[in-house]
Amino acid sequence: MSENTKEFWRWKEYNWHDETMDPKVAETISAGVDVGSVSSQAVVMVDGRLYAYSNMRTGSDSPDSARKAMSWALENTGLTLDNIHYTVGTGYGRVNVPFADRAITEIACHARGGNLMYGPTVRTILDMGGQDCKAIHCDEKGKVTNFLMNDKCAAGTGRGMEVFADLLAVPIEEVGESSLDVEEEPPPVSSTCVVFAKSEASSLLREGWSKKRVLAAYCSAMAHRVVSLLERIGMEKDFAITGGIAKNAGVVTRLERELDITSLKSKYDTQIAGAIGAALFAKTLMEKQRKKVAK
Amino acid sequence: MITAGIDMGAKYIKVVLLKDGVVQGRAIAATGFEPTASALECFERATKESSVDKSSIVHITSTGAGRKAAPNVDSDITDVSATAKGVVHLMKGVRTVIDVGAEEGRGIKIEADGKVVDFAVNEKCAAGAGAFAEAMSRALEVSIGEFGQLSLKSEKTIPMNAQCAVFAESEVVSLVHAKTPKHDIARSVHDAIASRIVSMVRRVGIEKEVALVGGVSHNPGFEDSLNRGLEMQVIVPEYPEYVGALGAAVVACERAK
Numbered sequence: 001m002s003e004n005t006k007e008f009w010r011w012k013e014y015n016w017h018d019e020t021m022d023p024k025v026a027e028t029i030s031a032g033v034d035v036g037s038v039s040s041q042a043v044v045m046v047d048g049r050l051y052a053y054s055n056m057r058t059g060s061d062s063p064d065s066a067r068k069a070m071s072w073a074l075e076n077t078g079l080t081l082d083n084i085h086y087t088v089g090t091g092y093g094r095v096n097v098p099f100a101d102r103a104i105t106e107i108a109c110h111a112r113g114g115n116l117m118y119g120p121t122v123r124t125i126l127d128m129g130g131q132d133c134k135a136i137h138c139d140e141k142g143k144v145t146n147f148l149m150n151d152k153c154a155a156g157t158g159r160g161m162e163v164f165a166d167l168l169a170v171p172i173e174e175v176g177e178s179s180l181d182v183e184e185e186p187p188p189v190s191s192t193c194v195v196f197a198k199s200e201a202s203s204l205l206r207e208g209w210s211k212k213r214v215l216a217a218y219c220s221a222m223a224h225r226v227v228s229l230l231e232r233i234g235m236e237k238d239f240a241i242t243g244g245i246a247k248n249a250g251v252v253t254r255l256e257r258e259l260d261i262t263s264l265k266s267k268y269d270t271q272i273a274g275a276i277g278a279a280l281f282a283k284t285l286m287e288k289q290r291k292k293v294a295k
Numbered sequence: 296m297i298t299a300g301i302d303m304g305a306k307y308i309k310v311v312l313l314k315d316g317v318v319q320g321r322a323i324a325a326t327g328f329e330p331t332a333s334a335l336e337c338f339e340r341a342t343k344e345s346s347v348d349k350s351s352i353v354h355i356t357s358t359g360a361g362r363k364a365a366p367n368v369d370s371d372i373t374d375v376s377a378t379a380k381g382v383v384h385l386m387k388g389v390r391t392v393i394d395v396g397a398e399e400g401r402g403i404k405i406e407a408d409g410k411v412v413d414f415a416v417n418e419k420c421a422a423g424a425g426a427f428a429e430a431m432s433r434a435l436e437v438s439i440g441e442f443g444q445l446s447l448k449s450e451k452t453i454p455m456n457a458q459c460a461v462f463a464e465s466e467v468v469s470l471v472h473a474k475t476p477k478h479d480i481a482r483s484v485h486d487a488i489a490s491r492i493v494s495m496v497r498r499v500g501i502e503k504e505v506a507l508v509g510g511v512s513h514n515p516g517f518e519d520s521l522n523r524g525l526e527m528q529v530i531v532p533e534y535p536e537y538v539g540a541l542g543a544a545v546v547a548c549e550r551a552k
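Protein sequences, first through last, are from chains B and X.
Residue 47 in the numbering used here sits at position 47 of the first sequence, with consecutive numbering throughout.
Here the numbering used here = 1-based position in the second sequence + 295.
These are computed hints drawn from the structure, not numbers from a lab.
Among the hints, a few may not be true.
If you want the ones that stay clear, here's a sample from chain X, every Cβ over 10 Å from chain B, calculated [to be verified]:
no., residue
1, Y307
2, E398
3, K419
4, A426
5, M455
6, Q458
7, V461
8, V468
9, E526
10, V529
Here are the simulated DSSO-like cross-link-like pairs (lysine-lysine), alpha carbons at most 30 Å apart as the crow flies [claimed, not checked]:
no., chain 1, residue 1, chain 2, residue 2
11, B, K141, B, K6
12, X, K477, B, K247
13, B, K143, B, K6
14, B, K68, X, K474
15, B, K211, B, K237
16, B, K267, B, K141
17, X, K404, B, K6
18, X, K410, B, K12
For clarity, every value in this text was computed on a predicted model and none was experimentally measured.
We put the beta carbon where it would ideally sit given N, CA and C, even for glycine.
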């Protein structure tokens with residue numbers, strides 16, 4: 001057992017809003033709330049432009065996590081829930097967003113969000129989330145044409161990476177960079193199961209491997225696992241990675257190396273892709289509703 | 296004639312000393328990070344405690360995941376064959392063996408002489424192995440021994456959604472937050488492992504009698520869940536974790552002749 005009480009897996013939660021924008025003059029204020037199995041995000045969009053968002057850990061109670069994420073996104077914006085015209089819930093806990101007008105699957109939302117974040121040329125989106133990993137094909141409008149997912153096993157997910165960060169006592173945000181700081185690429189960890197990979201990592205450390213080398217071996221194993229998912233669905237350019245693992249350069253670099261392709265980068269936070277997609281759907285739905293009323 | 300069997304398991308090393316079909320001594324040691332050294336120590340202890348003269352041992356056979364790392368052995372044999380041999384040595388009527396260790400679960404179909412007809416193994420994933428129960432007992436903050444007993448107090452079936460041990464841990468934590476009694480969670484965990492094992496064993500076919508061996512057989516909660524899953528009673532021998540080592544010693548005896 002580790003004597004450390006510090007939780008190395010615990011990533012920073014944050015919120016943001018654009019102070020240059022004035023939401024009061026907006027025609028449509030839409031919101032998307034993505035309640036994932038590990039993290040929850042709320043996004044507020046003003047006439048289809050990103051205005052505010054938050055990113056935090058999902059608690060044991062989904063409705064509560066949704067409410068918290070939303071109120072944190074709205075913090076210091078002068079807006080309240082009442083100012084939002086339409087809200088779409090998505091993610092694992094999408095049916096448990098109490099203030100949502102509608103729920104849409106996270107697959108549809110990631111494709112739609114990815115379309116805005118990476119531009120309409122993006123065709124393959126790899127969403128590496130907390131407890132699952134999805135390879136999504138979409139068209140130029142951000143509509144899903146095909147997808148494959150692994151949600152049965154922690155290998156290749158953010159939760160698996162958190163377990164490793166904790167085991168090696170390396171803060172989760174530093175895992176990627178740290179894993180790239182090796183002179184020579186070690187062979188990947190051979191166990192698929194995260195539980196077994198942990199024992200394997202312990203014996204590697206015992207053999208004298210540095211933490212960085214073990215992390216390199218794990219990031220490489222994770223990249224490899226995901227490549228096989230992408231191979232099954234077929235790789236179509238352009239390619240982008242969303243979700244928390246997209247922030248891990250150790251996995252992303254190795255993934256790009258193995259696929260021999262560079263992934264598109266975005267100015268947006270990769271973890272809010274689902275919530276952005278949900279907020280975009282919310283805007284469209286609001287506009288439809290208005291048209292109906294006008295008729 | 297005295298022979299020895301060494302089972303180099305993922306978590307524990309087991310040694311059995313056999314003289315004319317009767318067990319003379321046995322010892323167990325944690326595999327740790329230096330399996331060869333652990334095996335030597337375990338072997339020493341087994342001979343010392345049983346007063347068996349090391350030089351009188353005519354043949355040593357190793358088995359288990361780390362069998363190639365076993366020191367001073369004359370031959371080795373796969374885990375599946377060794378387990379089958381060990382079971383038949385103890386219980387003649389058994390046709391199906393369920394062997395659940397720390398990191399592996401196996402279903403083995405055998406003939407009366409211990410010959411393996413078919414088998415299925417799960418070694419890729421902790422779901423369906425002892426490691427799963429251990430991880431969940433840690434999440435519940437009870438010892439693994441207590442965890443097995445706790446399960447028997449429950450009469451409630453709560454299905455576990457997660458298959459993966461890592462995800463199941465979060466699920467257990469959520470159940471704890473939802474004030475679910477610990478014994479109900481324990482049963483839910485054991486049911487989950489048992490259902491994984493049952494579907495694996497069904498692939499090789501279940502024929503009576505069914506024996507349960509391996510370290511996880513010491514867990515009464517798991518045994519209970521397995522009996523419910525199979526809708527029959529499994530037989531658990533005395534010293535179930537030594538069956539592989541015993542089988543290796545039996546094989547050593549055959550090979551020495």
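We went through each hint and held it up to the structure:
1. For X:Y307, the requirement that its beta carbon stay farther than 10 Å from each beta carbon of chain B is met, with the minimum near 13 Å.
2. Chain B draws X:E398 into its interface by the beta-carbon criterion, the shortest separation being 6 Å against a cut-off of 10 Å.
3. Against chain B, the non-interface label of X:K419 is violated: not every CB pair exceeds 10 Å, the least being about 5 Å.
4. Not every CB of chain B is more than 10 Å from the CB of X:A426 (nearest about 5 Å), against its label as outside the interface.
5. Every C-beta of chain B lies more than 10 Å from that of X:M455, the closest at about 13 Å, which supports listing it as non-interface.
6. At the 10 Å boundary, the C-beta of X:Q458 falls inside the reach of chain B, the nearest C-beta of that chain being 5 Å off.
7. Its closest Cβ contact with chain B, about 4 Å, brings X:V461 to no more than 10 Å, contrary to its assignment away from the interface.
8. Here X:V468 does not stay apart from chain B, with its beta-carbon only about 7 Å from theirs, under the 10 Å limit.
9. Chain B leaves X:E526 outside its interface by the beta-carbon criterion, the shortest separation being 26 Å against a cut-off of 10 Å.
10. Separation of X:V529 from chain B is adequate, the least Cβ-Cβ distance of about 25 Å exceeding the 10 Å criterion.
11. This hinted pair does not check out: B:K141 and B:K6 have alpha carbons roughly 44 Å apart, beyond 30 Å.
12. Distance check on the hinted pair: X:K477 and B:K247 sit about 37 Å apart at the alpha-carbon level, beyond 30 Å; violated.
13. Note on B:K143 and B:K6: the hinted pairing is violated, with a Cα-Cα distance of about 42 Å set against a maximum of 30 Å.
14. For the hint pairing B:K68 with X:K474, the CA-to-CA distance comes to about 22 Å; that is within 30 Å, so the pair holds.
15. Taking the CA atoms of B:K211 and B:K237, the gap is about 35 Å. The hint is violated against a cut of 30 Å.
16. Between B:K267 and B:K141 the alpha-carbon distance is near 20 Å, which keeps this suggested pair within the 30 Å criterion.
17. Restraint check: the Cα-Cα separation between X:K404 and B:K6 comes to about 48 Å, which exceeds 30 Å; the hinted pair is violated.
18. With a CA separation close to 57 Å, the supplied pair X:K410 and B:K12 exceeds the 30 Å bound.
Hints 2, 3, 4, 6, 7, 8, 11, 12, 13, 15, 17, 18 from the earlier list are contradicted by this structure; the remaining hints agree with it.
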